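Chains as they are written, first to last, in UniProt numbering: chain A, 1 to 159; chain B, 1 to 159; chain C, 1 to 159.
By construction, these hints were calculated from the structure, which means they are not laboratory data. The structure displayed is predicted, hence computed values, not measured ones. One thing to keep in mind: the hints can contain errors.
Note that identical chains are pooled: a pair holds if it fits in a single copy or bridges any two copies.
To be verified - Dumping the calculated BS3-like pairs for lysine-lysine here, alpha-carbon to alpha-carbon at most 27 Å:
| id | residue 1 | residue 2 |
| --- | --- | --- |
| 1 | Lys30 | Lys154 |
| 2 | Lys154 | Lys46 |
| 3 | Lys64 | Lys46 |
| 4 | Lys65 | Lys154 |
| 5 | Lys46 | Lys30 |
| 6 | Lys30 | Lys65 |
| 7 | Lys59 | Lys154 |
| 8 | Lys154 | Lys64 |
| 9 | Lys59 | Lys46 |
Residues per chain are reported as follows:
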Amino acid sequence: RRGEMAKSTQLINNEVFRAYATYAAIVLLKMMLMSLITAYFRLTRKAFVNPEDTEAFGKGEAAKKFLRTDPDVERARRGHLNDLENIVPFVGIGLLYALSGPELSTALLHFRIFTGARILHTLAYLIPLPQPGRGLSWAVGYSVTLSMAYNVLKAAWLL
Amino acid sequence: RRGEMAKSTQLINNEVFRAYATYAAIVLLKMMLMSLITAYFRLTRKAFVNPEDTEAFGKGEAAKKFLRTDPDVERARRGHLNDLENIVPFVGIGLLYALSGPELSTALLHFRIFTGARILHTLAYLIPLPQPGRGLSWAVGYSVTLSMAYNVLKAAWLL
Amino acid sequence: RRGEMAKSTQLINNEVFRAYATYAAIVLLKMMLMSLITAYFRLTRKAFVNPEDTEAFGKGEAAKKFLRTDPDVERARRGHLNDLENIVPFVGIGLLYALSGPELSTALLHFRIFTGARILHTLAYLIPLPQPGRGLSWAVGYSVTLSMAYNVLKAAWLL
Numbered sequence: 001r002r003g004e005m006a007k008s009t010q011l012i013n014n015e016v017f018r019a020y021a022t023y024a025a026i027v028l029l030k031m032m033l034m035s036l037i038t039a040y041f042r043l044t045r046k047a048f049v050n051p052e053d054t055e056a057f058g059k060g061e062a063a064k065k066f067l068r069t070d071p072d073v074e075r076a077r078r079g080h081l082n083d084l085e086n087i088v089p090f091v092g093i094g095l096l097y098a099l100s101g102p103e104l105s106t107a108l109l110h111f112r113i114f115t116g117a118r119i120l121h122t123l124a125y126l127i128p129l130p131q132p133g134r135g136l137s138w139a140v141g142y143s144v145t146l147s148m149a150y151n152v153l154k155a156a157w158l159l
Numbered sequence: 001r002r003g004e005m006a007k008s009t010q011l012i013n014n015e016v017f018r019a020y021a022t023y024a025a026i027v028l029l030k031m032m033l034m035s036l037i038t039a040y041f042r043l044t045r046k047a048f049v050n051p052e053d054t055e056a057f058g059k060g061e062a063a064k065k066f067l068r069t070d071p072d073v074e075r076a077r078r079g080h081l082n083d084l085e086n087i088v089p090f091v092g093i094g095l096l097y098a099l100s101g102p103e104l105s106t107a108l109l110h111f112r113i114f115t116g117a118r119i120l121h122t123l124a125y126l127i128p129l130p131q132p133g134r135g136l137s138w139a140v141g142y143s144v145t146l147s148m149a150y151n152v153l154k155a156a157w158l159l
Numbered sequence: 001r002r003g004e005m006a007k008s009t010q011l012i013n014n015e016v017f018r019a020y021a022t023y024a025a026i027v028l029l030k031m032m033l034m035s036l037i038t039a040y041f042r043l044t045r046k047a048f049v050n051p052e053d054t055e056a057f058g059k060g061e062a063a064k065k066f067l068r069t070d071p072d073v074e075r076a077r078r079g080h081l082n083d084l085e086n087i088v089p090f091v092g093i094g095l096l097y098a099l100s101g102p103e104l105s106t107a108l109l110h111f112r113i114f115t116g117a118r119i120l121h122t123l124a125y126l127i128p129l130p131q132p133g134r135g136l137s138w139a140v141g142y143s144v145t146l147s148m149a150y151n152v153l154k155a156a157w158l159l
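Given only the sequences and the hints, what does the whole structure look like? Please build it.
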């Protein structure tokens, strides 16, 4: 199995790339989890946006009352959008960073801090924790991505 | 031409990677199509959000009535956001999956099912089809991405 | 340092890939800047969406008046979402394009035009410039991504 993998590409045998693949998959899965959380709140709060989604709950006028916004649904949706805004740059810049030849220990530090910060950000958003909890966890993740971008530009700069 | 490509990188000569590149490009183009569909509904329904966008349709008060929401525009926008939430994880995890050395036939199965499911999801959203049409097409695409993530973590796991 | 990089991967020594890494990092950083611009408008306009974010500005009823929308905040948020919708396809398709073996000069032309168009788009959105300024800058970036997608599919096509 390993032999086949090495044949198809050597990237996955590179330790920094394996670390990147692990953490990128974890934060993308965490982002995907937001879809399930939003769906859970939509179903338990009966708060939908598409008329065809309310048909299981009643006909005609009876169903229309479920076309409404709910604070918990909106909160989960904001957390999801914030993930898109922050995890997309991490995945894109992180890939370039992993290919720019950093030390494994430095790369792991970046990936682990970002992943921890984004998990805390989601908890801070959903519980919700008092500020500056959410703000700080956002800023930590943002700074990690900036640090990786600096390293990418230093290694790759070709305008 | 082929020779040059091989010189610059061997990835594009890897069949699994070529399959990934093909399907990733197709689903990203499908996502980009949502911009055109939204613009089409904005122009035909005359429903805009930026004051500067309404100036072609009248001056002052006459233009203000076009600053409004329209159900078709909002539906296309929700479809677009759902694409971002689902196609971004597919493109990110799919790249790592393609580099983790899967069998070509297994990889093609993943890529084809995801692509078909997302095209069905867009149709189900825009027509719209009665539920659970949209829900099922969403769940199929989501499951394909989970399956690829499982394979990535199995091959790359390095915490 | 270079030696280490070459050992871990040769991609970063490929000029087209280095150009891609540079411009992908720049447009992702530009997208991240939208978070700071939104936060700046939220703080200066005192317009928040999460109750816990207003606690620094007063207690109880006094804080509730800051739970409101503001045109500048909404404008920055729309610019950010438009970046997600357009920069994500660029980063994804651009990576595949960079690996498909284009001429360096052609690749640089694509990356530079896209990057310039998206910077203009942000300026056109935030100032705001009269239309068709924003529309044209959007269309130029969109066309560059389509051109790269065409080249990817031509090189990689494997359905």
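These are the hints, each one checked on the structure:
1. Lys30 with Lys154: between (30 Å within a copy, 17 Å between copies)
2. Lys154 with Lys46: Classified as neither; 51 Å inside a copy, 38 Å across copies.
3. Lys64 with Lys46: Cα proximity of Lys64 and Lys46: in one copy and across copies (11 Å, 26 Å).
4. Lys65 with Lys154: Neither: 56 Å inside a chain and 46 Å across chains, both beyond 27 Å.
5. Lys46 with Lys30: within (24 Å within a copy, 31 Å between copies)
6. Lys30 with Lys65: For Lys30 and Lys65, neither the intra-copy (32 Å) nor the inter-copy (33 Å) Cα distance is at most 27 Å.
7. Lys59 with Lys154: Neither, since 61 Å and 47 Å both go past 27 Å.
8. Lys154 with Lys64: The answer is neither: 56 Å in one copy and 46 Å across copies each exceed 27 Å.
9. Lys59 with Lys46: Answer is within; shortest intra-copy Cα gap is 14 Å, inter-copy 31 Å.
Checked against the numbered hints above, the structure breaks hints 2, 4, 6, 7, 8 and satisfies the rest.
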